[in-house]
Each structure stands twice: as structure tokens, then as C-alpha cells.
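K.L.:
Using the sequences provided together with the hints, build the complete structure.
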Amino acid sequence: MRDYLLTLCVTAAVTYLLTGPVRKFAIATGAMPEIRARDVHREPTPRLGGIAMFFGLCAGLLVADHLQNLNSVFELSNEPRALLSGAALIWLIGVLDDKFELDALIKLGAQMISAGVMVAQGLTILWLPIPGVGVVSLTPWQGTLLTVALVVLTINAVNFVDGLDGLAAGMVCIAAAAFFLYAYRLWYGYTIEAAAPATLFTVILMGMCLGFLPHNMHPARIFMGDSGSMLIGLILAASAISITGQVDPDALKIFEGSTRQATHAALPVFIPLVLPLTIIAIPMADLVLAIVRRTWKGQSPFAADRGHLHHRLLEIGHSHSRAVLIMYFWSALIAFGTLAYSVHSASMWIVLCVVALSAIGLVLLLLPRFTPRAPRWAQSVVPPRYRRRRPAPVVAVAPEPAVVEEERIPVPAGLHGSTAIGNRARFTDRRKAGTPS
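Residue numbering for the sequence shown follows our numbering, beginning at 1 and increasing consecutively.
Rather than coming from a laboratory, the hints here were simulated on the basis of the structure.
One or more hints might be untrue.
Claimed, not checked - Calculated pairs, SDA-like style, for lysine to any residue (alpha carbon to alpha carbon, straight line, at most 20 Å):
(1) K99 <-> T295
(2) K99 <-> G20
(3) K24 <-> R221
For clarity, every value in this text was computed on a predicted model and none was experimentally measured.
P.N.:
Here is the structure:
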């Protein structure tokens with residue numbers, strides 16, 4: 001655990017220290033796009049924050065390679081090299097997009113090529129647990145197609161939620177924290193070496209997000225841009241692929257004590273195996289709703305609009321910071337609720353706590369729709385928004401004395417109508433003006 005903490009701190013420190021120079025570089029190179037109709041910020045803000053995050057990724061992998069307890073990840077697996085290759089490619093395309101605004105189809109093709117690069121180096125899905133069927137081995141083509149689809153969906157899901165200051169980085173950091181706890185438990189709890197790469201990827205991803213968040217919280221001084229959102233989306237997808245498609249479910253010993261068919265039919269058995277997919281439930285839901293909404297209107301699925309979940313929170317009446325915190329709350333509830341249920345699936349208290357927290361989240365979500373008034377005894381402890389308004393005291397105002405308007409003496413219009421007081425003749429008498437007739 002100390003090695004993981006050291007890797008996290010180094011990654012966060014490098015990302016944090018490089019974000020300031022990257023911001024100056026973005027301003028100098030003109031990577032400050034004009035404010036678009038769907039944007040919520042009011043001043044042009046530099047992008048290219050993904051540059052600092054990518055160098056934080058490189059620093060984290062370099063430090064982990066020189067640590068005794070983490071060096072085995074690089075010796076026994078080729079997944080770190082596969083991740084770095086795919087991340088470098090998608091990061092380069094993101095930097096070009098932040099500067100020159102590339103076409104959506106070009107970015108989609110780059111995402112698929114990055115996923116293909118990782119598949120070619122061994123980072124792919126080998127088998128898949130299916131409820132009611134069991135563990136299904138995939139052919140190379142099936143594994144490749146499923147891996148590419150998961151990478152593209154995750155990248156675009158993270159990219160779609162990157163609409164408010166600190167939203168994407170915070171949500172991915174929460175998901176990575178829950179994912180790290182699950183992968184760390186598999187590695188050290190079940191001594192499964194195949195879970196080691198995912199554990200390393202998630203801790204580095206946490207460091208990248210934590211190092212960038214101080215510069216990106218509202219009001220943001222720099223945006224991560226597509227170079228950052230696509231990068232962290234790819235790392236999150238790589239972690240999900242590594243833990244879901246590389247770890248053999250039989251090694252978890254979850255089938256002991258009952259028949260295999262009965263266990264396959266039980267939902268709690270498969271929750272630990274689909275945890276990497278549930279931690280991105282909020283971004284994925286936003287992605288699906290965006291595709292349905294744009295297709296229904298006859299638009300391209302990649303057309304930008306103001307219909308995302310965070311935009312709707314602002315339309316309801318939430319402030320910028322409160323909307324971000326609400327999205328944080330739901331991400332943490334889904335990720336850590338699924339994690340707790342995977343550890344103790346027989347505990348009913350976990351389900352009750354999740355239901356209670358969900359009810360609290362719904363109340364917070366719909367709070368601007370109504371403005372309840374607190375009782376009089378609680379007026380001093382509630383925010384001013386929920387206090388009862390006291391009627392303003394009526395103050396008798398003495399009538400003002402009548403102002404006698406002074407009689408104005410009409411002044412004849414001057415030459416060329418330069419005097420604006422008094423009556424003017426409709427036709428100027430040129431003889432009176434001293435001009436010849």
C-alpha cells in the first residue's frame with residue numbers, strides 16, 4: 001500500500017506542477033476557443049490540460065517500474081506498455097483537437113485505432129461471465145470487437161460529462177477510487193496476479209485527477225480539453241478490460257459450496273465481475289440519453305447540445321458548484337454501493353443504506369423545484385433561502401409640496417434652428433436671416 005501511495009503522490013504532484021506552465025503555453029499558442037452556445041463559462045479559458053495529465057501518467061508508470069513491489073507488474077505483464085501506447089495516440093489526437101477542432105469522425109477513428117493498439121499488445125477481453133450461462137470464452141475477433149466497443153463507449157461517456165468545472169475529473173476520480181479498492185482486494189485478498197495491472201492503472205488515474213482538480217474547480221483556470229477527457233476515459237476503460245476480461249472468475253472461488261448452475265443464476269455472484277461497468281453508470285447513461293435525444297431530432301449523435309445531465313441540473317435551478325456536487329454524490333453512491341454489495345451481498349443493511357441515500361439524493365436533486373419554509377424556531381440555523389420573509393414595515397411619507405412651475409418666456413428660434421427652446425417657424429424667412437431671396 002505504501003508503494004501505491006507513493007505512486008499516487010508522485011503522479012498528482014507532477015500533474016499539479018505542470019498544469020501552470022501548460023496553461024501559459026495554451027494561452028501563448030492560442031488554445032483558447034471562443035465561447036460556444038452550449039458552454040456555461042463566461043470567459044475564454046485555455047485548454048490543453050491533458051498535456052499535464054499525460055506527463056503525470058508517464059511519471060506514475062516510471063516510478064512504479066522502479067519500486068520493488070510494483071516492478072513485477074511490468075515483468076509479468078505487457079499491459080502497462082499497451083496502455084501507454086494507446087494513451088499516447090489518443091492524447092496526441094486530443095491535443096490536435098484542442099488546437100484545431102478536428103472532425104468528430106476523425107476522433108472516432110482515432111479512438112478505435114487506440115483500442116486496436118492495446119488489443120494488439122495483449123490488453124483485451126478473453127472471457128465474459130454471463131448470468132444463467134456461466135463463463136464464456138471469446139474468440140479473438142469477439143474479444144477485439146468487444147474491447148474496441150468498450151473503449152469507445154467509455155471515452156465518449158467521460159467526454160460527454162466534461163461540461164462543468166471539475167465534473168469529469170472528480171467523477172472519474174471517484175470511480176477510480178472504488179475500482180482501486182476492488183482490484184486491490186482481488187490482488188491481495190485472493191492473490192490473483194492478473195489484477196495487479198488494473199490496481200496500478202486506477203491508482204495512477206486517481207493521481208492524475210487529484211493533481212488536476214485544484215486548477216479545474218469552479219471557477220476553472222484551465223480545462224482538460226479532449227486531450228484530457230479522452231485520456232482518462234481510455235485509462236478507465238483499460239482498467240475495466242484488464243480486471244473483467246483477464247481475471248478468471250473460477251480463481252475467485254465463488255462457486256464453492258453450491259452447484260455451479262444455481263450460483264450462475266444468482267445475481268450477487270456476477271456483481272463483482274461487472275463492477276468496472278457500473279462505476280461509469282452516470283457517464284454511460286448521459287451518453288445513451290444524448291444519442292437517443294439527438295437521433296430523435298434528426299441530428300448527428302456527435303452534434304453538441306445543452307441537453308446533458310449537468311445542463312439540466314443548471315436549468316432546474318442548481319448553482320454551478322451544487323450541480324457538480326450532486327453528480328459527485330450519485331457517482332459515489334453507485335460506485336461504492338456496488339463495491340459494498342459485492343463484498344457482503346447477503347447483508348440487507350447495505351441495500352437499505354443505498355435506498356436511503358438514493359432518497360436523499362432525489363430530494364437534493366429536486367430541491368430548487370420547491371422552496372420550503374422552515375418553522376420560526378429554526379430561522380436562525382437554516383440558509384436565508386429557506387427563511388420566512390418578514391413584511392417590510394410601512395413608513396408614512398409626508399406629501400411633497402407642490403412645485404410651482406415657473407413661467408417660461410418663449411425665445412424665438414435662432415439662426416439655422418440652433419436654439420432648441422421656443423416655437424419654430426415651419427418655413428424659414430431667408431430675408432430675416434440676412435440671406436438674399
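K.L.:
All the hints need checking, so say for each whether the structure fits it.
P.N.:
Checked hints:
1. K99 <-> T295: The hint is violated at about 28 Å.
2. K99 <-> G20: holds (18 Å)
3. K24 <-> R221: This hinted pair holds, its Cα atoms lying about 11 Å apart.
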